[in-house]
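> In order, the protein sequence lines correspond to chains A and B.
Just remember that the working numbering sits 182 ahead of the position in the first sequence, which is counted from 1.
Just remember that the working numbering sits 12 ahead of the position in the second sequence, which is counted from 1.
It is worth saying that the hints were derived from the structure and are not from the lab.
These numbers were taken from a predicted model, which means no experiment stands behind them.
Mixed in with the good hints, there may be bad ones.
[What the hints assert, rightly or not] Chain B residues, not near chain A, derived (Cβ > 12 Å throughout):
1. 18
2. 26
3. 30
4. 34
5. 67
6. 80
7. 83
8. 87
9. 94
10. 100
11. 127
12. 129
[What the hints assert, rightly or not] Chain B regions said to be covered by chain A (calculated; three or more residues, Cβ under 8 Å):
13. 35-43
14. 47-61
15. 116-126
16. 132-143
The beta-carbon is built from N, C-alpha and C at its ideal position, and this holds for glycine as well.
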Amino acid sequence: MRELTADALGAYLGRRFPEWRDIRIEGFHRLPMGASRETFRFDLGYETDGHPREELEVILRRDPPASNVDSDRRHEYEAYRAIHGHGVPVPRMILLEENPDELGGAISLAEDIRGYHNSEYQVQQPEWAGRLPRLAQGMWSAMGTLAAVPVEQLDLSFTRPATRENTARQELEYWVASLDRSDVGPEPIIRAAIRQLERWQPVAEKLALVHGDFRAGNFLYDDAGNVRAVLDWEMAHCGDPLEDLAWSMARVFSFGKNNMRSGLAPREDAIRIWEAASGLTADARALAWWELFTCIKGQAIWNACAHVWESNAGREIIHAYASWWLHNAQDKAVLELMDRL
Amino acid sequence: MKPTVPMVATELANRLRTDIMAELTGFRANDAAMGAQLLDMIAERWDSEAANLVAENRAFRALVLRAAEELGDAQAAQSASGDDEDLRISSLERENDRLREALIRVHTLAEQTDGEAPRALTDAIWDALRQSVEARRVGSANF
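Pulled out of the complex, with its shape left as it was, chain A reads as follows (with noise of 0.2 Å):
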């Protein structure tokens, strides 16, 4: 894949606003942020006829040409803008360039929140047990306040249509058409649980937009604890949002290798936060559906990045990781939902 440079960058920028002067950039760098996108931090300056000089704090991201999920950059852009200014706090987008000749892949920039931490893993040290709670508060309640917010009142032209009665069933066909196309070996776990899945869906209480890798690690906080912006939208979707819910309690993203989901609180405390936040009800039956189907779109997406590698489309060292650490992982959280672990 072509290398991304600040030249490059600055030249691009520079033929796509022909009125900005002295455009500069300054430290750019590649963030270990992500499977699926490659994430760049940068600072940009310009001038502009009759206007002071702007300075920018950026984040691009592009990209690859291949990628453990199915979606483009105007997916998460317009995801973005979608709930950007609905209570959720995101960051701004600026700018999309879909040809991927400009710059070696598709691009998007956006407004860089600076100042906070967004690791899942640093969490877990023993300096921040303290600070867990407010965390998983401020956590479900955002993915609450996104539950609630009414889906009539935001574009989500940019993806799949669903109804109350046909998204569990459409999520499930989706990912299991995934699973098809990265087919890394046969999964007797895998299936039964699909089988399972496919006896019974549940009808969402409402629909929402759905942020898709709603998780510790995909939102940023404070050194208080307090979560500032929701990132990684990439897998955005009108839904259930019960979807999200469960994609947050999933055993492998446990990351203190307990019983705390995201690593943040037991599943009841989750479950009551999000709640309140929502102004739904997290039903028994239906979240158990849910908490089964992310093992499906987990696997999916475990296997997409051994698939990455086995059809020679890429060598990203974290799809490696991300396949031989989780894949095992997931299949074990089927057998504990499935009562046979």
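Position chain B against the provided structure of chain A, taking the given hints into account.
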């Protein structure tokens, strides 16, 4: 190979963490950290991988054969043949994949069949799958 592969992989992982990572920042430091974890997993699995696959293949073969007999399924009988004469990991994994495919088929068939014997077979398949997950457990995994 002496020193053994687990010994060397563990030491390389430790050096990556203690010496190399200290010289790196950001994305490269993260790659080094994950590289160290991958080496840990190689060290953990190297010695037991072939033995685990042989044991798993033996258990799966027996279940597929049992399904052939109890469910009267001729295709399962055919799938239960095969052996683990070739002990290369790639060969054992190919045989494991073949048997897992057969196991999915008989598992589905047993679920769809009424009776005590199919229920007991279903339980036995789940037991074998649980043992497989235990044998394949990654020490650093969250769950």
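> All hints, please: hold or fail.
We went through each hint and held it up to the structure:
no.	hint	in the structure
1	18	holds (16 Å)
2	26	holds (17 Å)
3	30	holds (18 Å)
4	34	holds (16 Å)
5	67	holds (16 Å)
6	80	holds (17 Å)
7	83	holds (16 Å)
8	87	holds (15 Å)
9	94	holds (15 Å)
10	100	holds (16 Å)
11	127	holds (18 Å)
12	129	holds (19 Å)
13	35-43	holds (count 5)
14	47-61	holds (count 4)
15	116-126	holds (count 4)
16	132-143	holds (count 4)
Checked against the numbered hints given earlier, the structure satisfies every one of them.
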